[in-house]
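*Asks:* Assemble chain F onto chain Z, guided by the hints.
Here is how the chains run, residue by residue.
2 protein chains.
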Amino acid sequence: MGIVRVVSLSDPEILNYHGKLLEGIIPGITTESRCINDQPKGVYDENSKSEAALKVVNLIRVFSNYVDVLIVSCTEDPGVKEAREVSKVPVIGAGRASASLSLFYGDDIGVLGLGEEPPQPIREVLRDRIKVYRGLNKGTTVDLFTPDGRDKALRAALEVCRSKVDCLLLGCTGFTTINLYRELKYKVAIPVIDPIIASGLIALYEVGMR
Amino acid sequence: MGIVRVVSLSDPEILNYHGKLLEGIIPGITTESRCINDQPKGVYDENSKSEAALKVVNLIRVFSNYVDVLIVSCTEDPGVKEAREVSKVPVIGAGRASASLSLFYGDDIGVLGLGEEPPQPIREVLRDRIKVYRGLNKGTTVDLFTPDGRDKALRAALEVCRSKVDCLLLGCTGFTTINLYRELKYKVAIPVIDPIIASGLIALYEVGMR
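First to last, the protein sequences are chains Z and F. The first sequence maps to residues 1 to 210 in our numbering. The second sequence maps to residues 1001 to 1210 in our numbering.
Keep in mind the hints are simulated off the structure, nothing from the lab. Glycine is no exception: its CB is placed at the ideal position from the N, C-alpha and C atoms. Please note that the accuracy of each hint is not assured.
With a cut-off of at most 16 Å between alpha-carbon atoms, the simulated EDC-like pairs for lysine to aspartate or glutamate come out as follows [claimed, not checked]: (1) K1138(F) - E1116(F); (2) K55(Z) - D38(Z); (3) K81(Z) - D1107(F); (4) K1185(F) - E1206(F); (5) K138(Z) - D45(Z); (6) K1055(F) - E1082(F); (7) K164(Z) - D107(Z); (8) K1088(F) - D1068(F); (9) K1185(F) - E1159(F); (10) K1081(F) - D166(Z); (11) K49(Z) - D38(Z); (12) K1138(F) - E1046(F); (13) K81(Z) - D1166(F); (14) K1185(F) - E206(Z); (15) K1081(F) - D107(Z); (16) K185(Z) - E1206(F); (17) K41(Z) - D11(Z); (18) K41(Z) - E51(Z).
Now the in silico label distances, taken between C-beta atoms and shown as ranges [what the hints assert, rightly or not]: (19) P1027(F) - I14(Z): 44 to 54 Å; (20) S10(Z) - N1179(F): 46 to 56 Å; (21) E1082(F) - G24(Z): 28 to 38 Å; (22) N1037(F) - D108(Z): 30 to 40 Å; (23) Y66(Z) - N1037(F): 46 to 56 Å; (24) P1027(F) - D107(Z): 31 to 41 Å.
Here's a subset of chain Z near chain F, in silico, CB distances under 10 Å, partners left out [what the hints assert, rightly or not]: (25) S100; (26) P147; (27) V207.
So that you can see chain Z by itself, here it is in the shape it has in the complex:
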């Protein structure tokens, strides 16, 4: 499985982290991760989203020669539709993948995100089933990596879980990077949807269906 990180990363451990997580959960797969250039804060507004979309498409044009399936690791699914036109393999966007999976758990979904509103693919799939949304004050994925950012995320997640929802959808793959899902699973009683793990399962479906 190829993982497209939609944030510029130089530390190979952080770059490969989402892939390594998937390798731990889905037996028998291997992953390779690549990232887009010159976008150290990832996707955080419309501008950064359209810049990222172009870069994702260009990256996938080449990357798709070397893998069986591709995951775009960003819940805004930047460039996913366009990348499908140039990719030799299926392309999974983390937004639509995680939102679809969340509906297995019920109709009242709680979403945690970064911006003022949930990522577009999540809104498209869930519509009025987003019962609660909490955004972290227009933060970026980088803000999550500070102790303060991490703490804020954890508190907001717990707050969503205390409202009456069937599951908590982590609406940014930055939450995967700070391992929020693992921390939450010992603290809350409802299912928590991690966008990368959800994407990995759809990727497995795509590969298995061939």
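*Replies:* Below, chain F alone, put in the same frame as chain Z:
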């Protein structure tokens, strides 16, 4: 993974077929299948559904001691909610699992089923996103096993795929038993959602999340 077949089956090859299919697609898992008693036609109306629900719950009460996760192999999800109360492990219903996965592929879903309307869990998840529904004249899962039944199913599936839908959801696990998905994948250009494979992925998610 434990598979609950919601139809009485004595041939071990047919009994184990859904599980073997999953073992072929999800590396590293093993499955065990059990079926309910005295219900050779499976679920085909409200009466047979409530009878099945009781039997599923009783079966799972014991079966859940021996597996990590359970799949109820029927898209009506009979007894799934009640079984969760008595089960020691997560219980996945094929209806809700497959309907959720189908939304990854778009908003216009084509559904193939047996009865006059789509199974209830599929209606609950998809709502107005069921763009086309084709039912096989109130047939039962057993009717699919005749050459005529199989042929009818294939023709109806192709008809749904010809309408403008983003994917075809096979809304009965009997279609898995006759291998309809495999046949279709060479004949149609849109994704086909098999309810058992979809359930297996959610089951993997549940196990991976522990």
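*Asks:* For each hint, tell me whether it holds in the structure or not.
*Replies:* Do the hints match the structure? See the list:
Taking the CA atoms of K1138(F) and E1116(F), the gap is about 6 Å. The hint holds against a cut of 16 Å. Under the criterion of a C-alpha separation no larger than 16 Å, the hint pairing K55(Z) with D38(Z) is consistent with the structure, at around 10 Å. Taken as a hint, the K81(Z) and D1107(F) pair is honoured in the structure, with Cα atoms around 14 Å apart against an allowance of 16 Å. With a C-alpha separation of about 28 Å, the suggested pairing of K1185(F) with E1206(F) is violated against the 16 Å cut-off.
Taken as a hint, the K138(Z) and D45(Z) pair is honoured in the structure, with Cα atoms around 9 Å apart against an allowance of 16 Å. With a C-alpha separation of about 11 Å, the suggested pairing of K1055(F) with E1082(F) holds against the 16 Å cut-off. As the CA atoms of K164(Z) and D107(Z) are separated by approximately 11 Å, the hinted pair is consistent with the 16 Å bound. Distance check on the hinted pair: K1088(F) and D1068(F) sit about 9 Å apart at the alpha-carbon level, within 16 Å; holds.
At most 16 Å may separate the alpha-carbon atoms for a hinted pair to count; K1185(F) and E1159(F) meet this at roughly 14 Å. With a C-alpha separation of about 13 Å, the suggested pair K1081(F) and D166(Z) falls inside the 16 Å cut-off, and the hint holds. Proposed proximity of K49(Z) and D38(Z) is supported: the alpha carbons are some 13 Å apart, at most 16 Å. Annotation: proposed proximity of K1138(F) to E1046(F) holds, straight-line Cα distance about 12 Å (limit 16 Å).
Of the pairs offered as hints, the one joining K81(Z) and D1166(F) holds, with about 13 Å between alpha carbons and a cut-off of 16 Å not exceeded. Note on K1185(F) and E206(Z): the hinted pairing holds, with a Cα-Cα distance of about 12 Å set against a maximum of 16 Å. Pair hint K1081(F) plus D107(Z) holds up; C-alpha atoms about 14 Å apart against a cutoff of 16 Å. For the hint pairing K185(Z) with E1206(F), the CA-to-CA distance comes to about 12 Å; that is within 16 Å, so the pair holds.
Restraint check: the Cα-Cα separation between K41(Z) and D11(Z) comes to about 14 Å, which is no more than 16 Å; the hinted pair holds. For the given pair, K41(Z) sits about 12 Å from E51(Z) by alpha-carbon distance, which is consistent with the 16 Å threshold. Evaluation of the 44 to 54 Å hint for P1027(F) and I14(Z) yields a failure: the beta carbon distance comes to about 27 Å. In this structure, S10(Z) and N1179(F) meet the distance hint of 46 to 56 Å, their C-beta atoms being roughly 48 Å apart.
Between E1082(F) and G24(Z) the beta carbons are some 33 Å apart, a value that agrees with the proposed interval 28 to 38 Å. Taking 30 to 40 Å as the suggested C-beta distance range, the pair N1037(F) and D108(Z) conforms, at roughly 36 Å. The supplied range of 46 to 56 Å is met by Y66(Z) and N1037(F), whose beta-carbon atoms lie about 51 Å from each other. At roughly 33 Å, the beta-carbon separation of P1027(F) and D107(Z) lies within the given 31 to 41 Å, and the hint holds.
Here the hint on S100(Z) is kept, as its CB sits about 4 Å from the closest CB of chain F, short of 10 Å. With a least beta-carbon distance of about 26 Å to chain F, the hint placing P147(Z) at the interface is violated under the 10 Å criterion. Because the closest C-beta pair between V207(Z) and chain F is about 9 Å apart, less than 10 Å, the hint holds.
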